[in-house]
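**Student:** Okay, here's what each chain looks like letter by letter:
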Amino acid sequence: MTNRAPGRRAGRSLLLTSGLAIALAAVAVPFYWLVVGATHSSRELFTSPPPLLPGGHLAENLATLQDTAHFGRVVLNSLGIAGVYTLLAGTVCTLAGYGFATYRFRGRETLFGLLMLGLVVPTQITLVPLFRMMAELQWLGTYQAVITPNLALPFGIFLMRQSMAALPKELLDSGRMDGCGELRLFLRVALPPMRPALAALAIFLFLYQWNDFVWPLIVLRDELTFTIPVALASLQGLDETDYGAILAGTSVAAVPMAVVFLLLQRHFVSGLLAGAVKE
Amino acid sequence: MSLAEPLPAVARPRRRGRAAPYLFVLPALLLFSVFKLYPIGWSFVISLHRTVAGTETFVGLDNYRRLLDDPLLWTALRNTAIVLAVQVPLMLALATALAVALNSTLLRGRPVFRLGFFLPMVTGLVAYGIVFSVLLNKDYGLVNWLLGLVGVDPVPWLTDGLWARISLGLALTWHYTGYNAVILLARLQTVPAELYDAAAVDGAGALAAFRHVTLPGLRPALLLTSVLSTIGTLQLFDEPTVLTGGGPDNATLTIGVYLYRNAFTYADFGYASALAYALTLLIGLLGLVQFRLLGDKS
Numbered sequence: 001m002t003n004r005a006p007g008r009r010a011g012r013s014l015l016l017t018s019g020l021a022i023a024l025a026a027v028a029v030p031f032y033w034l035v036v037g038a039t040h041s042s043r044e045l046f047t048s049p050p051p052l053l054p055g056g057h058l059a060e061n062l063a064t065l066q067d068t069a070h071f072g073r074v075v076l077n078s079l080g081i082a083g084v085y086t087l088l089a090g091t092v093c094t095l096a097g098y099g100f101a102t103y104r105f106r107g108r109e110t111l112f113g114l115l116m117l118g119l120v121v122p123t124q125i126t127l128v129p130l131f132r133m134m135a136e137l138q139w140l141g142t143y144q145a146v147i148t149p150n151l152a153l154p155f156g157i158f159l160m161r162q163s164m165a166a167l168p169k170e171l172l173d174s175g176r177m178d179g180c181g182e183l184r185l186f187l188r189v190a191l192p193p194m195r196p197a198l199a200a201l202a203i204f205l206f207l208y209q210w211n212d213f214v215w216p217l218i219v220l221r222d223e224l225t226f227t228i229p230v231a232l233a234s235l236q237g238l239d240e241t242d243y244g245a246i247l248a249g250t251s252v253a254a255v256p257m258a259v260v261f262l263l264l265q266r267h268f269v270s271g272l273l274a275g276a277v278k279e
Numbered sequence: 001m002s003l004a005e006p007l008p009a010v011a012r013p014r015r016r017g018r019a020a021p022y023l024f025v026l027p028a029l030l031l032f033s034v035f036k037l038y039p040i041g042w043s044f045v046i047s048l049h050r051t052v053a054g055t056e057t058f059v060g061l062d063n064y065r066r067l068l069d070d071p072l073l074w075t076a077l078r079n080t081a082i083v084l085a086v087q088v089p090l091m092l093a094l095a096t097a098l099a100v101a102l103n104s105t106l107l108r109g110r111p112v113f114r115l116g117f118f119l120p121m122v123t124g125l126v127a128y129g130i131v132f133s134v135l136l137n138k139d140y141g142l143v144n145w146l147l148g149l150v151g152v153d154p155v156p157w158l159t160d161g162l163w164a165r166i167s168l169g170l171a172l173t174w175h176y177t178g179y180n181a182v183i184l185l186a187r188l189q190t191v192p193a194e195l196y197d198a199a200a201v202d203g204a205g206a207l208a209a210f211r212h213v214t215l216p217g218l219r220p221a222l223l224l225t226s227v228l229s230t231i232g233t234l235q236l237f238d239e240p241t242v243l244t245g246g247g248p249d250n251a252t253l254t255i256g257v258y259l260y261r262n263a264f265t266y267a268d269f270g271y272a273s274a275l276a277y278a279l280t281l282l283i284g285l286l287g288l289v290q291f292r293l294l295g296d297k298s
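Residue numbers (our numbering), protein chains in the order written: chain A, 1 to 279; chain B, 1 to 298.
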């Protein structure tokens with residue numbers, strides 16, 4: 001039964017591989033078309049047949065974005081907000097993940113369970129009160145209003161606890177024997193082997209903030225403070241929507257992230273999976 | 001500081017060690033309490049009030065009573081239920097098939113495929129919403145042009161109620177199938193190969209092996225992906241906002257979109273909060289049902 005003719009096996013292999021290749025091509029169409037669309041004017045886009053190859057309008061589209069939406073500034077906003085968020089949230093989540101994974105202490109399970117509640121409760125439930133809180137703090141329209149509320153991200157804490165649980169206890173104990181303080185132990189002994197997990201966390205947090213839409217939409221007021229998704233959505237709402245420009249902006253939002261992901265994916269996927277399948 | 005020095009060397013790390021775990025988790029707990037727990041409680045208080053022109057009056061459970069005979073809420077619930085009943089199972093079946101294919105030794109270039117199918121997940125919701133709305137344009141979209149080549153009349157992807165729902169489902173499937181497949185695949189790789197060998201010895205065909213070895217092995221991952229998909233579907237907001245704006249004629253209105261409208265378009269914060277609580281209850285209930293259906297008996 002198991003000794004199939006090699007020719008037959010090769011045929012089945014070819015069938016499966018080409019089938020999946022077709023599926024992958026279908027998945028890739030929106031990406032390809034995004035790049036094509038970004039290089040055409042709105043008028044060229046809405047002709048029949050639609051353009052299938054890249055055109056020459058990219059620079060013009062980017063200029064339009066700059067004129068109508070201060071796009072250069074918007075990209076800097078997105079980079080800055082996502083960067084600062086990744087740094088701060090990464091620190092909070094890593095500290096908490098380490099605490100929950102490597103110490104036994106009273107209330108550990110309860111406190112961790114409380115944080116994980118955040119995974120189940122829908123984000124919408126906090127929108128209204130958070131909005132009011134920001135108004136009372138007079139933070140509306142500021143970057144800290146975008147960054148602060150999600151710093152203790154439950155999924156990030158979960159991810160770090162799962163990864164940190166793999167730290168050998170002997171490693172930490174021998175550090176303590178050498179007279180290492182708890183903070184130094186964390187920084188010098190625990191963190192270095194966690195580099196892949198930290199990379200996964202950083203990519204996840206950066207993507208989360210880079211793509212976040214609803215909350216920035218609610219708290220940001222001035223066009224000059226907008227992030228990329230908010231700016232794109234506001235452009236789409238205009239009467240004369242310039243889709244060439246919008247697609248150029250969308251490429252700016254999507255393509256660098258795809259490239260970063262391709263470069264770092266090994267860390268990302270394995271790091272995420274370490275958290276996802278253990279339970 | 002000299003006072004501390006005479007302490008025995010062993011006692012020091014122990015004493016410090018007792019406070020250390022709390023210090024590590026403190027920032028997360030503080031931030032979570034202020035920006036999550038407190039708003040969750042506050043939201044309930046708001047839901048007991050009615051906001052009219054900026055002033056609030058206590059109305060007890062009136063907002064919750066209003067939920068029961070709000071036709072738009074029922075529309076939103078029905079739309080969400082359709083996605084839950086049709087798109088989620090189809091996507092998970094597709095993801096399972098994809099995971100099995102990606103796990104097959106017959107497949108060449110596995111890393112490329114694994115990566116490629118995961119890539120849509122990296123794209124922001126607004127970005128892919130915009131791309132899909134242009135691709136699916138009735139008169140000039142690429143999809144209708146391709147269909148026209150094989151003689152299909154233009155499909156009103158975003159302007160007809162039924163087709164708008166289908167488009168929403170397609171966009172969601174495009175975005176999340178690969179992600180779910182990767183979770184399922186990771187679980188699949190933990191299923192011992194001996195189980196398949198044993199099944200083959202017992203004379204089980206490919207289909208029987210799938211039913212009796214693959215599916216039971218996938219159970220925890222299926223639970224995880226279906227719970228995640230359910231939560232995501234119930235909170236659905238970004239896709240309909242960008243793709244259809246909840247239309248046409250509310251055919252893609254979701255609870256998330258309706259909640260947002262009430263809060264930030266009509267400034268009816270009390271009712272929006274009541275909606276949020278009803279939504280939480282629903283998510284909790286459905287989560288429980290899924291654990292019962294798919295979870296281990298233990």
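Any given hint could be a false lead.
[Claimed, not checked] DEER-style ranges, computed between Cβ atoms:
no.	chain 1	residue 1	chain 2	residue 2	range
1	A	G113	B	D160	54 to 62 Å
2	B	E56	A	A166	20 to 28 Å
3	A	L88	B	D249	41 to 49 Å
4	A	S18	B	D249	14 to 22 Å
5	A	G83	B	L215	42 to 50 Å
6	B	A193	A	A199	48 to 56 Å
7	A	M116	B	D249	33 to 41 Å
8	A	L88	B	D160	23 to 31 Å
9	B	G245	A	A25	36 to 44 Å
10	A	L224	B	L195	56 to 64 Å
11	B	G148	A	L137	52 to 60 Å
These are calculated hints, taken from the structure and not from any lab test.
Think of the CB as a built atom: it goes at the ideal place given N, C-alpha and C, for glycine as much as any other residue.
**Student:** At the C-beta level, are G83 (chain A) and L215 (chain B) separated by a distance inside 42 to 50 Å?
**Tutor:** holds (43 Å)
**Student:** Verify the CB-CB distance for A193 (chain B) and A199 (chain A) against the hinted window 48 to 56 Å.
**Tutor:** violated (31 Å)
**Student:** Do the Cβ positions of L88 (chain A) and D249 (chain B) conform to the proposed distance bound of 41 to 49 Å?
**Tutor:** holds (44 Å)
**Student:** Do the beta carbons of S18 (chain A) and D249 (chain B) sit within 14 to 22 Å of each other?
**Tutor:** violated (42 Å)
**Student:** Is 56 to 64 Å right for how far apart the beta carbons of L224 (chain A) and L195 (chain B) are?
**Tutor:** The hinted range 56 to 64 Å holds for L224 (chain A) and L195 (chain B), with Cβ atoms some 60 Å apart.
**Student:** Assuming the hint says 20 to 28 Å, is it satisfied by the Cβ distance from E56 (chain B) to A166 (chain A) or not?
**Tutor:** Taking Cβ atoms as reference, E56 (chain B) and A166 (chain A) lie about 50 Å apart, which means the hint is violated.
**Student:** Return holds or violated for the Cβ distance of G245 (chain B) and A25 (chain A) against the range 36 to 44 Å.
**Tutor:** The hint (36 to 44 Å, Cβ to Cβ) is violated, given that G245 (chain B) and A25 (chain A) are roughly 30 Å apart.
**Student:** Does the Cβ pair G113 (chain A), D160 (chain B) satisfy 54 to 62 Å?
**Tutor:** violated (46 Å)
**Student:** Holds or violated: 23 to 31 Å for the Cβ distance of L88 (chain A) and D160 (chain B)?
**Tutor:** Cβ of L88 (chain A) to Cβ of D160 (chain B): about 46 Å, so the range 23 to 31 Å is violated.
**Student:** The hint says 52 to 60 Å between G148 (chain B) and L137 (chain A); measuring C-beta to C-beta, is that right?
**Tutor:** holds (55 Å)
**Student:** Should the hint that M116 (chain A) and D249 (chain B) are 33 to 41 Å apart at their CB atoms be regarded as holding?
**Tutor:** holds (39 Å)
Going down the numbered hints, you'll see the structure goes against 1, 2, 4, 6, 8 and 9, while the others check out.
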